[in-house]
Structure formats: C-alpha cells, structure tokens
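J.: Model the placement of chains D, S and H on the given structure of chain L, informed by the hints.
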Amino acid sequence: MDRNQITKWFKAPAKMANKYSLNAIYFCTGCGIIEVPPVITARWDAERFGIIPVATPRQANLFLITGYVSVKTLRAIIRTYEQMPEPKYTVGFGSCPINGGMYWDSYNTIKHLNKYIPIDGWIAGCMPRPEAIFVAVTHLWTLIDKDMANGYIKYRKNYKSYRRNQELALGKLEWPPLFPIAEQPQGNEQ
Amino acid sequence: MRELELYFGPQHLGMVGNFSITLKVEGDRILKAAANPGYLHRGFEKLMEYRTWIQNFPLVCRINVVEPDHIEMVYAMAVEKLAQIEVPERAHFIRSIYLELARVQSHLFGLWAYANMLGFDTVAQWAMYHRDLVLDLFEELTGGRVYHIYIWPGGVRRDFPPGFKDKIVNTLHSIGGCVPDYDSTFFNNRLFYERAKEIGKLTQQQAKQWGATGQTLRATGMPYDIRKVEPYAAYDKVDWDVPLREDGDAYSRIWVIRDEMIESVHMIFKLLEVMPEGPVYNRIPNPFKWKIPKGDAYVRCESSRGELGLYMVSGGGDKPYRVHFRTPSYPNGLIILEKLLKNASIADVGNIMISLYVVAPEIDR
Amino acid sequence: MKEKTISKKGSILSPFKAVNYLFKKPRTLRYPFEKKEPALRYRGFHLNDWEKCTGCGNCADICPNEAIEMVEIPELKPKPAEGIKNERPKLDYGRCCFCGLCVDICPAGSLRLSRDYFHIHFDTNTFTFIPKDEKSDKEHFLGSEQYSILKASLAHRKENYEGFSSDIEYALFEPQRVPMPEVPPEERKLSFIEQVIGYNKEEAKREASRCLECKLCEQACPAHLKISDYIKAVYEDKPTESLRKIFEDNPIPSICGRICMKHCETACSLSIRGEALSIRWLKRFVADSIKDYKTALELRVSEPTGRKVAVIGAGPSGLSIAYFLTLKGHKVVVFDSLPGGGGMMRIGPPLYRLPIEAIDKDVNHIASLGVKFRFNTTVGKDILFEDILKEYDAIHLGIGTTVSRSTKVKNIDKAHLALPFLQANKIAEPVKVGKEVIVIGGGNVAMDVARGALRLQHIQYPGQDVITKTVSLENWNELPATKDEIEEAKAEGIQFNPGWGPKEVKVENGEIKGLLCMKVKSVFDEQGRFSPTFYEEKQTCLDGDMIIEAIGQAPDFSFVPKALFEKLEFTSQRKVKVDDNGQTSIPKVFAGGDIVNLNLDAVTAIADAKLAAEGIHRMLCKR
Amino acid sequence: MNKSLREKLESTFKNIQVTAVDGNRMVVTAEKRSISAILMSLKEASFDHLALISAVDYIEDNEFELCYIITCYMQDQDSEANDLHIILKTRIARESPDFKTVIDIYPNAEPYEREIHELFGIKFEGHPRLTPLLLEREYEIPPFRKDFDTRKYVKDLFDNIPSVEIEKK
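Residue numbers (the numbering used here), protein chains in the order written: chain L, 1 to 190; chain D, 1 to 365; chain S, 1 to 623; chain H, 1 to 169.
Keep in mind that the hints were calculated from the coordinates and are not lab data. Idealized CB from N, CA, C, for every residue including glycine. Any given hint could be a false lead.
As the list claims (entries may be wrong) - Sample of chain S residues facing chain L (criterion: CB under 7 Å; computed from the structure):
#1 Tyr31
#2 Tyr93
#3 Arg95
#4 Cys96
#5 Cys97
#6 Tyr117
#7 Phe118
#8 His119
#9 Ile120
#10 Phe122
#11 Thr124
#12 Phe127
#13 Leu150
Stated by the list, open to error - Dumping the calculated DSBU-like pairs for lysine-lysine here, alpha-carbon to alpha-carbon at most 35 Å:
#14 S:Lys519 <-> S:Lys490
#15 S:Lys36 <-> L:Lys146
#16 L:Lys8 <-> S:Lys35
#17 S:Lys521 <-> S:Lys79
#18 S:Lys135 <-> S:Lys90
#19 S:Lys490 <-> S:Lys414
#20 H:Lys155 <-> D:Lys291
#21 D:Lys294 <-> S:Lys232
#22 S:Lys79 <-> D:Lys289
#23 S:Lys291 <-> D:Lys289
#24 D:Lys291 <-> H:Lys89
#25 S:Lys79 <-> S:Lys226
#26 D:Lys289 <-> S:Lys294
#27 L:Lys157 <-> L:Lys11
#28 D:Lys208 <-> H:Lys43
#29 H:Lys152 <-> S:Lys226
#30 S:Lys205 <-> S:Lys361
#31 D:Lys294 <-> H:Lys100
#32 S:Lys226 <-> D:Lys291
#33 S:Lys77 <-> S:Lys135
#34 D:Lys339 <-> H:Lys32
#35 L:Lys160 <-> H:Lys155
#36 H:Lys123 <-> D:Lys291
Said to hold, decoys possible - Listed below are several chain H residues computed to face chain D (Cβ distance under 10 Å; list not exhaustive):
#37 Arg25
#38 Asp48
#39 Glu65
#40 Thr71
So here's chain L without its partners, still in its complex pose (with noise of 0.2 Å):
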C-alpha cells in the first residue's frame, strides 16, 4: 500500500471501505457462475480482495450478473438488486447480458441488461476467467474512487424509465415503485 492509498483513507474512509469490502450477493443467475466457485476457494482466493458472497441481498454491495439473463431471472434480478442497500455495484459477465450473446434470438432472455437495471461494469469473455473477475475488480475499485461506479443514482435518478422497461419486459410489476414516480403519484413505500 502505497501513501497515495492511506491518504486516500484518511480522505475518504467511506469509499475506501467500501471498495475493499465487496460483499457479493450468492445469486446464480446464469451459467458464469461456474467460474464464481473457484474464485471464492482456494486456488484463487477472492477473500484477498475482500469479495465474500453473502446470503442475503441486504448485506450486499455488489451484484455479480453472471451470464444470460431470461425473462424469469430478471423479475427476482430486479427484486434483489431493489432490495441491496446503497452504494451497490453491479457486474454483468460475458457477453449475454450486454448484446444478447449466444441467445441473440431467444424469447425467452433479455438482450441488453442496462436496459433494466444499470450496470457499472462489464466483463468479455464467454465465461470471464477467475483473472478477469480479479481485473474487474480493480478496475471497479478505480470506478468506486472516481466516483465512476454510479449505477445506483441513475437508477434512482432515472427510474421512470427503468420501471417502464422492467414493465415493458415483464409485464405488470407486483410489488410497488421502489422510488417515487413523479407523474403517477402511487404510494412510494420503502
């Protein structure tokens, strides 16, 4: 650690600590998700970037979209990423979610993921190596200092039409806005 990172620390303890500390919801959501195993065991070791998955959506900060995303997947996506606490990042893996990948053509998979929920990084590779899961990371870290890794504004800065994509692909959404939609003035719990 050089004196650039503890002055960081001293600056900014929030972002640092919540760059190092990268808890990573244990959702498998698509097929990358066989890499996700080996990365948290032995032979690579995400503790030592201090990734650890976590049960449950409320401890986490950091959404691993591993791979195709289909119509189902994305209604519980949706759920979970609306019920982590802010800041939260997300990864999309491979190349599925970004244009629809080996299921460009199926009824049944979204082919682009920002269109629902908003990404702050993106890993090539069909399925991204345990090193490429580790360069994600870093460079997530440098987004985080930069104030880069913003998804989560947008989404609540844009969520009108987050919802109405969500809704445009789903259908009708059952559970309520997650942040106050300004023209249909309908309850805004949570």
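T.: Just chains D, S and H, lined up with the frame of chain L:
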C-alpha cells in the same frame, strides 16, 4: 400449526443454481413441494431449429454449464447417426478419456456443493481446487476452461497436444493422492454419516417408477449405466465396474459419486494405455452446404448425473427439424425432488436437492 | 461391483487428519503477482492478419451468433482479380461465444484467437472492434515491458500471443479438389483425343460441395457469372437450374467450360491454402450433362422490335451479343469467314482441348433462337462493310486478332505461322511436320502449337524419335502461358528453352536446319513496355527442321474503308477505344473481344459483349 | 426378444406399423387411441423406463407427432431388451391438440407432458397440473410451434424496448 407457503430460491444460500422450490410447510415439516424451474430457460431446442448443423455445435454445450461435455457428445452422436459419419478409432478413445475427465470434474463440483452445504468447508475447498486442476487439463486440450467445444461430429476438434498424456497422468495422480484425505475428512467422517444417512431415501421400485437414472438409481442397487448397456465411444474397449450402493439415501448417492470418480480415474489410465495412434477427425461436409437426410434418432449417453438422451429429427435440410434433450436432472429435479421433499424438514431441502445432483440449467434448457 | 456393502459409520475424529494441511505450502495463486499463463490453444480475443485476410466473409456466415459483421475499410484497396475485398470482419463481444468456428472456416488462416481475454469496461460500445494483429497494428499490441494486466483491454494487448489458430487438418472446408480424370500424357500425346474426361455426377457433386459461397470468384470473373449459385445447383442435383444461372451471363458454356482462362479460380478463397474449386470443370459438367439446351432453358424471346443488328465475327463476343440481342427481340445476322461458328475458338484451341462438337453445340443453340449465321462470308470481300453499315441499325465488331505476328528475323519466311498451322490442324488437312520442331513463343498459343505439333509428329512418324521444343524470351518464372499448360506440356515431353531470343533461321539448301538464338538480357524496358534486349555474344543454335512462330496476333481491319478507319480511335495499348456502352468512335459501330480488351480470352469477350448488348439495346430502343 | 416383441405387438394391435431401424431401435407408429394400451403392454414386457416424451410439430401435415421413447432398466443380465429402445409415435391433429395423459402408466410422464403442454399447447386430459413450468411471459402461439418465429418475436419485443440512457437529462 398454520400451513404456510415458503419460497425456496432462486436467491437462497441453500440453493445451488438458479432454481426455486415452492414449499408448503407446517412448522418445520414440508407438506408439499413444487419445483419451480424456468429461471434459465433459453429455449435451446427452438434456437437449434434456427441454426445449421455446425452452428449448433458451439451452442449445445451451453445447456449444462457444470458438465458441457456430455451434451456435446450426444449431439455429435446424433448427427453421426443421422448423417452416417464414421469416427476414427483414436477419436473414440480421446472422447472417452475426455468424457471421463469431465465426469471427474463434474463430480468434484458436486462434492463441493454438497460438502459446502453440509458445512464441510475444508473438503469443499479441496474439491474445488482439484476441479480447477482438471479444468487446466481441459484448457490445455481444448482452449476453453469451462465450455470446451471439443467433440464435434466426425471426431474431436484437435489431437492431444504434445506431452498431454503425461499431464493427465500427473494431474490425476495428484488428485488421487488426496483420496485418503478426502476419505478421512469427509466420507469416513461420522458427521457426514449422521447428516446424510436416511435422508432422502428412495427405494429401487420408486426410483424406477419416477424415471431415475445415474447415481440416484445406482445408489438403490440397480447397475444401470448406459456405458455398459449401450456402449459408445471406447467404453467397451476396457474393463471397468459400475459402483453400486444399496440404501438409496443421500449418503449412498454421495458414496456412489466418490466411487465413480475413482473408477473414472482408473478407466482413464487404462484407456491411455491402449489408445491407438491415428487420425482423430473425419472431415465433415462443407458446413454451408451440409444437409442431413430425413430421419430421426434417439441417442443416449451416461452423463455424470444419469441418462442423457437426445431425440433429434432431421427434415432433410441444413438445420435440425426438432431436437429434444432428455436430461438426467429433469426427472430428478421435477419428480423425485418433489416426492422426496414430502414430509422432510426444511433443513434437509438443500441436502436432498444436492445429493440428487439437480442442475438447474439442464432442466430448463 | 466392488464395495457393495455400506462402509462403516466412520469416526468423529478422522477429519482431524486434515490438520496436517496446516503445514503444507498454500495452494492459492497469489494473482496478479503470481500468474498462470493461459494454455497455448486458449480461445481468447480475435487476431486478424490484414495482409492475408481476403474479406471473403466466411467467418461472418458461419458465426452462430451473428457476432461478426463485414465492414468496408476505405483505406484498403479491393483487388477483385486476386479475390481480395476491402472488407474486414468486425467482432461484437456482446455476442461472441469464443467457439472458434470462424477460425476453423477461415480459408486464408488469417483469423486466429489470441490468449488475451481481458476487456473490462463500463461502456458496452467498446465491446465491438475490428481485429488486427501486431503486424498491422503496432499501437495496440504491446511488448511485454509496456503490457500491464491491469490496463489490459481490447486496445491494450500483448503482442505475439497467439492462441487457438487454424489447422488445415481440422479445417471445416475441404482443401483438396476432386481429381479430374484425364488421359495420361503418354497416351494423349499420340492423338488428338480430348485430354480431360470430365466429372461424372458423383464427382461433380462432391466437388461442388466444396464451395464456400464467398463469391470472391464472381467479382473476379470478367462476365460476373453467378458462380456460387450455379455451383450450388450442381450440388443440389439441379443441372437445369444450374444451366439457367450460367446462361444469364454466358451463352457458350460448352466452349467456356473447356477453355476459359478461369480468372475465378485464381480468386477462389480455397486456393489460398488448398486447391481452388474446379469452377471451369463444373461448368463443363453442367453443359455436358444437358443434351438439349433449348428444352432445358425454356428461354423466352421478346416481341420482335424490327431492328436489325449485324455482328461481324462469330467468336465468343459475336456469339454472345447475338444471343443477348436476340433475346431482346432484335434481328441479328452474324457474318464470319469461317465455315462454322466459334471464331478463334474454332481454329485456335486444338482438338484435344476443344472438340468441334462442343463448339457446335453452343453455336447451334444460338442459331436455334433465330440468329442468322452467314458463314464463309468475308466482310470486305463477299460483302462490303459500307453496305452493312447502311442496311443495319447497329454493327458489332468481334473480329478478334486473326493475323499472326512474325519475329521478322532473317530467313523467317521459311517458318510457319501459328494460326494457319492451328487452323489447318483443326478444320482442314493437317500440316506435314518435321521430326524436330521449334516453336517460337511462350504463351498459351505457343503451347497449343507445340503440343499440336507433337501430336502430329507422333501421328506422322509413328514409333520414331521426334522432338518439339519451344523458345521464348521470358524466363521460367515469367512465361505467359498458364501453369497448367506448362505442366501438361512438360509431362508430354515438350522441351523448353526460356530466356532465349531468335536471331536468325539457319537455312541450308533451302531447308531449315535450326534456329540461332541469343541470350535475353531483359524483356521489358523501364516503363514496362515490351522492348527486349539481348547479350549479343551469348548465342546458341537449336537444331530443327521446322519452325513455327507463335508470338502473338494482331487484328485485321482491312475490310474497314479507309475513310472510316481513320475515324476509328485506338487506345495507347493499340486497342479499339470503346465507351461505357461498348460503342466505338464510329456511331452505330460497337466492338468487343480481343480487339478491345487486354485479357485476350473468351470470358472477357463475353463480358464485352454483355456491355455492348446493353448499349446497342439502349440505342435501338431510344430511336 | 426383438422379433418376438415385434410379432406380439403386431398381433395384438391393429393399425400399427413396426419398423426396426437398426439393431437396437424399434419404431412403432400407432393411432392415437391405442397408445395407452400399447404402452401398458410394453410396460408389462419389461419396458419400464420412459426416457422421454417429445412432440414434433409437422406444420405441413397440420399435425403434431408425439414420441414416447421407452427403454428398459436391466431386469436380468441375459435379457435382450437391455439395449433396445422403442420409439412410439402417434399423430394428433393440430387444430384440436388433445391427448390423454399416461401418468397412470408411467408416473414420470408428468413433467414431460406439462412441458409439452406449455411449449406446444397440447392438452393432456387427466393431467393433475397443467400449470406453467418454464415460461414467464405469455405467448400467443406456444413458442415451440413451428409458426412461432423467435427471431421476429425478439425483434418486436426486446429490440423495441428503448434504452434508458437516451432519456437522461
């Protein structure tokens, strides 16, 4: 006590894979369980109708991320059967070795999941580490860690790289050397016995009735293994045994997994010894013009979880007319799991599910 | 079925054996300080060698995910004749699944996968890129000193880091062509039997199945035939449909299927690492497998327009334009001094390459459409050009090059000229040849002459020792004749003397005794014009009792009246100048074939005719 | 076994075609109404493992084909039925895709029939729960039918969802 409905998954620590079970519980006791798959449904069988024969080859392995290799194998087998393509002798051996490596890898993954779930973290770490060593072998052979895209119609995609035989032997020896440690830490551990014995018990009659295959069936004492019943690749070229257990509970199933792994390693050694030299690939026709005559075929192979079948219909064109995969997790996850969970306790859901080795993407396809 | 019995319950203490792992070295890879190199076959990001890549687009066609798109690169120059497009693949890593099918199908072997796999970015637009490699992109491919994993991305890659690459053994295309059955050289040199036997149905189908449908050949073909379509039809066992596709652009497939210069096969993407598709032989197969074109094609001739077109010369361009214009409803009359159609095809290619029946098949079909042929009619002698000009609405000149050039060295008047020699052999009484024939020239005509002379020698002196040799200015690598021709001639026993220029013909007692030659210094001058220079002191004498000159031909415009001829404009390469419609500087007069183009072959003549047919049709409709 | 089973089937049931495609495979084509009886008799003949129920949409014939793939678990080592599999095929009309469930014969038919109901829209009479299995959205045409064009569907639905970034002010 009041009945209530409990949603188990898809985001749940006890759930491996994107799968969910709706439980109707009374207190701790499960009255009724309904599997709720579909979180990973991509409509493979529909997508394949839109892709040419060779374009399907990289697609199919994505059906099952834990063990993509057997899916490649059934696809290649079905195409070879429909198009009547001969496979060179050496390719048969390479396929067998490769599939057995895949079985070892997949069982180690299953062991990780099971040990992790039962709280044997040490064993889980070992299993995942050793699985990674097998993945390194795959990477060397095929160029991919997880999706190998290696067995294609007509043979295999590349021959062994130089010195690969020794690498297999070395890696498997180093994994095999740890078997006593696994045994003492996990398999012969009293805690494992206590936590798994009599959990999710299945009689042979029930297993047959509900369409079980693989170690779910073999743990009830039925020596049903496609590699013996209808030998494919080079499985009839060497001598090997089908590991069996009698009790049909989670404990037996995990023991069968262990024995199978060891048997696979022995089989690989035997296959490496008798493997002939020669070509490994009979060139398939030009992929842009390749048409397969009208017909249908059902082929099957023994994946690490049971019978993996593929029913494929060709309409005489450059694309399949219909494909349907019979995946072993399908009866395991949708019938047997539901039946076994009845009257079980909530704490045993993960135990039963992982001992049945339910792999969600395989069910959803 | 061992260990069938359930093992013991186990001990609660046994797991403590694992304690000894506390004293072992940790297995964790301390990434990124400790690294594990990806395997040599790793399938990472793409590399593309832009110099090798032809832009054929096979990778885009085979991609199951439509991740590859061919994009035009304006900086690159397309070279259609060599089969190179200025398109290069563009990858979308939001689609790619790293399966490597694109690598296995790449005919050039230019597309490979590297062992790089890092690209992490917050912007999805950065996931599309046009792959290059370290050869053409020094900026983004860095040496190990500058390369850092933490910065690695599609724009920051390691050089010389190739992974999964193409292997011809495992390629998805078939590099070997189906061998064409031929009469062996020892047998064929004894007579004028047709050398190539032709594919049967099975062989043709097998050969057609090799086509990758990249259509580079269609660009290279001067007449732009729909090659991949007609080959596909051959593969699908639909010869009629195939013939229809051919006739859209080429009305003389039986001729072209034998003697075409196959520009298409040079461009064929299979030829880069294997053998080109036998496009010409497949065309021949289609033409031969259909007995009667007319019933197969069911061509419909348009309503008569009442316009009349005169075509001078029944060669490939004349036949083609007659065909195209007749279909459009014009009345066409073809004049030719020879007794049959085909023009140069009728006299040039010897019988072992192009039998008369094959020519007549095409000519008769065109005649059956209503084209009137007036053979044995020499324009300028039997009918005057001026009269034709008056009588017809348009005239097409497809007269070809009918006068053989001569070297004009000393005593050359004793030698024979190529064209009369070939013509006599093919459609008249064969020439009496000597036992030792010298052919001057290194082009295809010289090969025809030499191989024809050799056959005549064997016929006229059976069982005796006979020799045919060629002398040419160009050396081995520059011989203008095609490789196949040279190989076949060599196999038959023709001797070659490249790099020698004739000085004089040695004559004793009025009989040829040999040819005195000088060593050639250079053939072309600095501007690339033909102007040979010689080492005067290095001389040799070739023995021989007969000399045939085959050094090129010139057109014969003697039938054109002087006043008109002066109006006729020529290009700097001594070719008749035509505009975009195929029209010469004389109104109403169009031209095509060898007098217009530099390729001097049949298929280019057809291309000219197609253009002129459009031009004439447009002109006639306008009035 | 192969031969005698074939003879037995042909003698018991009328209007069925039995073809042995190769050594270990038998294709039985039967009419809709005799399917349960055939399955019953096959089960008695020790073919106790229903491996798969599949449906194929033959849109040109305006019919669905249901395929029951039946093999047998090893009963005894010498049985020849061991490596034999039988594909039992029947056609049903596309307009009225109704069929009877076979759960009473093979209990493991349940999820297969449920899936076919969902993806092909074939109704199985007597099935205890024909609820959605895999799909989340509702489709006008069941997605595995040949007239459902997934590429068009994707274009119409997913490609028309606007991206969020554009609207940002």
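J.: So, for every hint listed, does it hold in this structure?
T.: Hints versus structure:
no.: 1; hint: Tyr31; verdict: holds, 6 Å
no.: 2; hint: Tyr93; verdict: holds, 5 Å
no.: 3; hint: Arg95; verdict: holds, 5 Å
no.: 4; hint: Cys96; verdict: holds, 6 Å
no.: 5; hint: Cys97; verdict: holds, 5 Å
no.: 6; hint: Tyr117; verdict: holds, 5 Å
no.: 7; hint: Phe118; verdict: holds, 6 Å
no.: 8; hint: His119; verdict: holds, 4 Å
no.: 9; hint: Ile120; verdict: holds, 5 Å
no.: 10; hint: Phe122; verdict: holds, 5 Å
no.: 11; hint: Thr124; verdict: holds, 5 Å
no.: 12; hint: Phe127; verdict: holds, 6 Å
no.: 13; hint: Leu150; verdict: holds, 6 Å
no.: 14; hint: S:Lys519 <-> S:Lys490; verdict: holds, 22 Å
no.: 15; hint: S:Lys36 <-> L:Lys146; verdict: holds, 30 Å
no.: 16; hint: L:Lys8 <-> S:Lys35; verdict: holds, 28 Å
no.: 17; hint: S:Lys521 <-> S:Lys79; verdict: holds, 32 Å
no.: 18; hint: S:Lys135 <-> S:Lys90; verdict: holds, 18 Å
no.: 19; hint: S:Lys490 <-> S:Lys414; verdict: holds, 27 Å
no.: 20; hint: H:Lys155 <-> D:Lys291; verdict: holds, 28 Å
no.: 21; hint: D:Lys294 <-> S:Lys232; verdict: holds, 20 Å
no.: 22; hint: S:Lys79 <-> D:Lys289; verdict: holds, 27 Å
no.: 23; hint: S:Lys291 <-> D:Lys289; verdict: holds, 27 Å
no.: 24; hint: D:Lys291 <-> H:Lys89; verdict: holds, 24 Å
no.: 25; hint: S:Lys79 <-> S:Lys226; verdict: holds, 19 Å
no.: 26; hint: D:Lys289 <-> S:Lys294; verdict: holds, 29 Å
no.: 27; hint: L:Lys157 <-> L:Lys11; verdict: holds, 27 Å
no.: 28; hint: D:Lys208 <-> H:Lys43; verdict: holds, 12 Å
no.: 29; hint: H:Lys152 <-> S:Lys226; verdict: holds, 30 Å
no.: 30; hint: S:Lys205 <-> S:Lys361; verdict: holds, 24 Å
no.: 31; hint: D:Lys294 <-> H:Lys100; verdict: holds, 29 Å
no.: 32; hint: S:Lys226 <-> D:Lys291; verdict: holds, 22 Å
no.: 33; hint: S:Lys77 <-> S:Lys135; verdict: holds, 18 Å
no.: 34; hint: D:Lys339 <-> H:Lys32; verdict: holds, 30 Å
no.: 35; hint: L:Lys160 <-> H:Lys155; verdict: holds, 23 Å
no.: 36; hint: H:Lys123 <-> D:Lys291; verdict: holds, 34 Å
no.: 37; hint: Arg25; verdict: holds, 7 Å
no.: 38; hint: Asp48; verdict: holds, 6 Å
no.: 39; hint: Glu65; verdict: holds, 9 Å
no.: 40; hint: Thr71; verdict: holds, 8 Å
Consistency with the previously given hints is maintained throughout, with no hint failing.
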